[in-house]
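**Q** Use the sequences and the hints to build the structure in full.
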Amino acid sequence: MKSVIISHAHPVFSKGGGELAAYYLWQGLNAKEQHQSWFLGRGGPEVMHAFTSLAVIAERDYLFAGNATIPDLTATTELDDESDFAQLLISIQPDVVHFHHYVHVGIESIRLVKKVCPNAKIVVTLHEYIAICMNNGQMVKTDNRLCLRSSPRECHLCFPHQSPENFFLREQYTKSFFRLVDQFVSPSEFLRDRYVAWGIEAEKIQVIENGLPAGDRVTLRPLHGDEIRGRFGYFGQINPYKGVDVILEAFARLPKKVRKMVTLDIFGSALENQTPEFQEKIHNLLDKLKGTVRLHGPYEPEEMGSLLGEVDWMVMGSIWWENSPLVIQEAYKFGRPIIAPDIGGMAEKVKPGLGGLNYRARDSVSLASVLQRIVDEPDLFNSLHETLPDYPEISEITEKHLALYKELDMGDA
Amino acid sequence: MMSEVGSSQVVSLTDSDDLRFYIDFAFSPATGSLMLLGWLYDPQNKVRGFSLLQDKTKKIKAREKKYDVSSLTESHDGVRLSRISRLDVASALSVTESVQKPFGFVLYLPQVPADTEIALELSANKYVIVPFKKYANNEAIIEGLKKYWVHSGDAVLSMLESVLDKGQPLLDACHDLNVRMLPQRISTLTTTINDEDYAAINVDHVYSLGAGGLLVFGWKHYRKAGPKSITVYECSGSAVDVTSALSTIIREDVWQNLDTDMPGMSKECGYVIPVPITHTPGAEYAIRFAFAGGKDFYLKLKPEKMAVDGVELAKQILAMFYMPQSILYKLYNTFDSGVGACIDYLSQEQREQELPVDIEQYGEPASNAAVSVVVPLYGRFDFVRHQLAQFADDPDFSSVDLIYVIDDPSIYDQTRQLVTKYQSLFGVSLRLVSYGCNLGFAGASNMGAKVAYADYVVMLNSDVIPQHTGWLSTMRTALDTLPQAGAVAPLLQFYDGSIQHAGMYPKRSPALPGFLLNTHRKMGQAWDGDTSSYEVPMLTAACVMMRKSEFDQVGGFDEGYIVGDFEDSDLCLALRKLGKKMWLVPDAQLWHLERQSQKLTSEVGQRQLITLFNGWRYMKKIERGELVDPTSLEVSA
Chain P
1 MKSVIISHAH PVFSKGGGEL AAYYLWQGLN AKEQHQSWFL GRGGPEVMHA
51 FTSLAVIAER DYLFAGNATI PDLTATTELD DESDFAQLLI SIQPDVVHFH
101 HYVHVGIESI RLVKKVCPNA KIVVTLHEYI AICMNNGQMV KTDNRLCLRS
151 SPRECHLCFP HQSPENFFLR EQYTKSFFRL VDQFVSPSEF LRDRYVAWGI
201 EAEKIQVIEN GLPAGDRVTL RPLHGDEIRG RFGYFGQINP YKGVDVILEA
251 FARLPKKVRK MVTLDIFGSA LENQTPEFQE KIHNLLDKLK GTVRLHGPYE
301 PEEMGSLLGE VDWMVMGSIW WENSPLVIQE AYKFGRPIIA PDIGGMAEKV
351 KPGLGGLNYR ARDSVSLASV LQRIVDEPDL FNSLHETLPD YPEISEITEK
401 HLALYKELDM GDA
Chain A
414 MMSEVGSSQV VSLTDSDDLR FYIDFAFSPA TGSLMLLGWL YDPQNKVRGF
464 SLLQDKTKKI KAREKKYDVS SLTESHDGVR LSRISRLDVA SALSVTESVQ
514 KPFGFVLYLP QVPADTEIAL ELSANKYVIV PFKKYANNEA IIEGLKKYWV
564 HSGDAVLSML ESVLDKGQPL LDACHDLNVR MLPQRISTLT TTINDEDYAA
614 INVDHVYSLG AGGLLVFGWK HYRKAGPKSI TVYECSGSAV DVTSALSTII
664 REDVWQNLDT DMPGMSKECG YVIPVPITHT PGAEYAIRFA FAGGKDFYLK
714 LKPEKMAVDG VELAKQILAM FYMPQSILYK LYNTFDSGVG ACIDYLSQEQ
764 REQELPVDIE QYGEPASNAA VSVVVPLYGR FDFVRHQLAQ FADDPDFSSV
814 DLIYVIDDPS IYDQTRQLVT KYQSLFGVSL RLVSYGCNLG FAGASNMGAK
864 VAYADYVVML NSDVIPQHTG WLSTMRTALD TLPQAGAVAP LLQFYDGSIQ
914 HAGMYPKRSP ALPGFLLNTH RKMGQAWDGD TSSYEVPMLT AACVMMRKSE
964 FDQVGGFDEG YIVGDFEDSD LCLALRKLGK KMWLVPDAQL WHLERQSQKL
1014 TSEVGQRQLI TLFNGWRYMK KIERGELVDP TSLEVSA
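Protein chains in written order, with this note's numbering: chain P, 1 to 413; chain A, 414 to 1050.
FYI, nobody ran anything at the bench for these hints, they're computed from the structure. All C-beta atoms in this analysis are idealised placements derived from N, C-alpha and C, irrespective of residue type, glycine included. Certain hints may be false.
Computed cross-link-like contacts, DSSO-like style, restricted to lysine-lysine with a CA-CA straight-line distance of at most 27 Å [unchecked claim]:
#1 P:K256 x P:K288
#2 A:K961 x P:K175
#3 P:K115 x A:K834
#4 A:K961 x A:K1034
#5 P:K400 x P:K175
#6 A:K559 x A:K715
#7 A:K834 x P:K114
#8 A:K560 x A:K579
#9 P:K32 x P:K406
Listed next, with one range per pair, are the computed distances between beta-carbon atoms [what the hints assert, rightly or not]:
#10 A:E1039 x P:R179: 42 to 50 Å
#11 P:E201 x A:Y947: 51 to 59 Å
#12 P:R179 x A:A624: 17 to 25 Å
Which bits of chain A does chain P cover? Going by a derived footprint, with three or more residues having C-beta under 8 Å, they are [said to hold, decoys possible]:
#13 802 to 813
#14 829 to 841
**A** Next comes the structure, spelled out in structure tokens:
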């Protein structure tokens, strides 16, 4: 069986959860005998050749040029049979084309695949809510309130310069391509529910968790004297959606005596890309929390185990629903409980007492009291650590995908 | 010549006096009276007055018969004086004439004995006797007046009208002369008059509509009663009475500027007068406002060149109606007065042009298709992408003659680019039709129909998106099977499911007397889900299917409606004239994202006027029996 995994970015250049999950799947598929898989990661013009929209990274591992607008997801690149993208697919003749996202690629690519490889089954993994929500697919209103369901009128209120009709057209247009998809994959129940409410048939969306390469738990760091398990780590981008500011505010709320017993290590980047207001807010909080919080800058996925080994807890701050954050699975893989907001995909993966603790999303007071509780109840860590859930290992996730592909292939027979 | 007048001296004027006084023409309008036409050039104000001399001995007889030039008014013994401009004098003397003190005069003296002479009194008891010859024979008078009529005619006529009884042969002869002299006089007329007793009248614009006549726009303020008649004169002298053709319109702009200068002025001071005269280029006209009491005002009508095409001019003319919303109640009558016919004429001009049509085929030609779908594009072209995305997987569209008509030259390049990019992806064969101008909905649709291959034609708005596949087959089956079906339309819904169109019905509005409007019944309501077809009076053209032969038989959409209104109801009522019925087929459902297909214009007032002009035109066609009266239909109840 031959498959093509299409990703909106290539992990060589971009380490987002979506492209990593796609890449791990591709590696997993190629590890199986009698299965060949190609990876097509979208690259920006800075990494592409001049006169072709394709470039080889490694065996069966490609970069392809793609571009699309966020408002209507439409491709700004060529969409005809003669395009490099189409020609590559024709030469591969895949049985399955799996879009591990279409954003930045152009939603029309789905139809182009259907056109040039009419027998190939099309699978689409849904990541965030980009088809439903124009606000970067976050399902957060532009005034920052959480949003559970879209409608042309409500979306128009978020983006007054876009008419309700334009939102309606965007939805109809997107659905015209989704109708060509044989199977959707969602890494969380929560995200699946959103898309079912939006109009995709429930049976067309299967929940399969994103997989991680196999690995072992890292040992707990030794405690000195009467030290408690009060080291927290944040992993991810520093932007308003990820809520680092909420976490910092919670630490700032802790009484001085408590604050002396805890630390927060931030591994993440992109603060420099944020608005000046946001940067200032973060820097002010960091100043206030000198001695408690340390900002380390970006990290590589391979470092995850060793970095987690330095801390006791993972803490998340996302103010949006999330889908299935890869960092949650990473924490489970390396054996660290998580403190996560109580909404969306995070609440689904981290339940109170199972995998970690929850706090009221977007509420630094609530997070502060969870931190206080951890200080007050030293045994809490041990009980959570002992009962951490398993992580989805890539070979297991690959099996699930293979089963899905085969089922789709059988459907024709 | 020098002679003694009593102790005074009668002198002759010499060049060194810097004074000129001439009596050009003198006649006796009635026994004993005298009318003098002449001019006085007196830059140093040497003239104190003038006197009537009855004494053969040249003695000054009576002081009271001496008139002071500067203070002479009509109150003196029934004497009347009009000062008139004499540019010919100014030009001959190479001097400038001031508005306050024009050179010319027309003087009427009611009682002048036969042997009277006229003397000009200069300072220091100096007199100058001015000789003149008095004419009394009407023919001779008219012949004499003719020479001076261009500048003095108005004053003479108006004076005669006030002193002679109606029906006097001389008066009639002068009226005739006045008309005969018009060709010479028109160039001397102005486009504005301001008479303290009668009126201020202004001509702002005169539009020539060729064979469609003239359309005169301006404003007026009548100080007493309005004119008893308004007449337009051609150079040939032929006259057209337009008294009842004048329609008043609001001119807030004029009112705001002149309200303080002209107390009691109405906001409704604007007027429009359609003049049924065939205009030849270069010709000028005079318009006469004749008031009771014999006062006439002549103004010049100088038609403006048409710098724009007919429809554009028609729009400009409609834009001349200030504050249209406040005159809605009488707009129908205004259009009826001739304005409507003028605009109609203009918009027809463009229709007669032959346009070079360009047709581009994308994909395999669908020349044996059963259905042609015609979609005019104006403003937004991105709808094409959305329509194609929805047509792509509809088996009906594997063989449809899809025609996009670019009715907006400004979007040609982008539309072409978009179609080039997406057509092959969506795999729907289509043609792009363009002709480099904007014809409006009807013209664009007709252009599409003209090149359509198939026996059935669907007129489709670009902002209509199907909700399901197979809608074309459903409509075609309905057209073939429903009794006497001449046109069928689907259920159209807004994006939220509320009804946009489920049948169009005639409607009268108390705010718009005279007009017959259309209404989409149940618009905005939820659809009850009933898919059985039903007859309706009319259908929207947003999505409608007809037989091509019948569409052609009624001549397609009437392109006389400006920009686009009423052409759909017009078409339905024309099909009804053939005995056809209109059916709504809710089994076919499409979204209609109305308000998206056209750029919203800020000129709401003007757009509304265009709609109402179209409404007037529609009503006229119904009245003339060219269309079935929709109010007479049983289904209209």
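**Q** Each hint: holds or not?
**A** Verification of the hints:
Distance restraint check for K256 of chain P and K288 of chain P: the Cα-Cα separation of roughly 11 Å lies within the 27 Å cut-off, and the hinted pair is therefore satisfied. For the hint linking K961 of chain A to K175 of chain P, the alpha-carbon distance of about 34 Å lies beyond 27 Å, and the restraint is violated. A C-alpha spacing of about 15 Å is found between K115 of chain P and K834 of chain A, which places the hinted pair at or below 27 Å, so the restraint holds. Straight-line distance between C-alpha atoms of K961 of chain A and K1034 of chain A comes to about 23 Å, which keeps the hinted pair within the 27 Å bound.
In summary, the hint linking K400 of chain P to K175 of chain P is supported, as the alpha carbons are separated by about 26 Å, within the 27 Å threshold. Distance hint between K559 of chain A and K715 of chain A is fulfilled; the C-alpha atoms sit about 24 Å from each other, no more than 27 Å. With a CA separation close to 17 Å, the supplied pair K834 of chain A and K114 of chain P stays within the 27 Å bound. Between K560 of chain A and K579 of chain A, the direct Cα distance comes to roughly 24 Å. Compliance with the 27 Å bound is thereby established for this hinted pair.
Restraint check for K32 of chain P and K406 of chain P: satisfied, since their Cα atoms lie roughly 14 Å apart, inside the 27 Å limit. E1039 of chain A and R179 of chain P have their C-beta atoms about 47 Å apart, which keeps the hinted 42 to 50 Å range intact. Restraint check, E201 of chain P to Y947 of chain A: a C-beta distance of roughly 33 Å breaks the suggested window 51 to 59 Å. In this structure, R179 of chain P and A624 of chain A break the distance hint of 17 to 25 Å, their C-beta atoms being roughly 58 Å apart.
For the region 802 to 813 of chain A, the stated coverage by chain P holds: 4 residues have a C-beta nearer than 8 Å to a C-beta of that chain, and at least 3 were required. Proximity of the region 829 to 841 of chain A to chain P, defined as three or more residues with a beta carbon under 8 Å from a beta carbon of that chain, is established by the 6 residues found.
Of the numbered hints listed earlier, those contradicted by the structure are 2, 11, 12.
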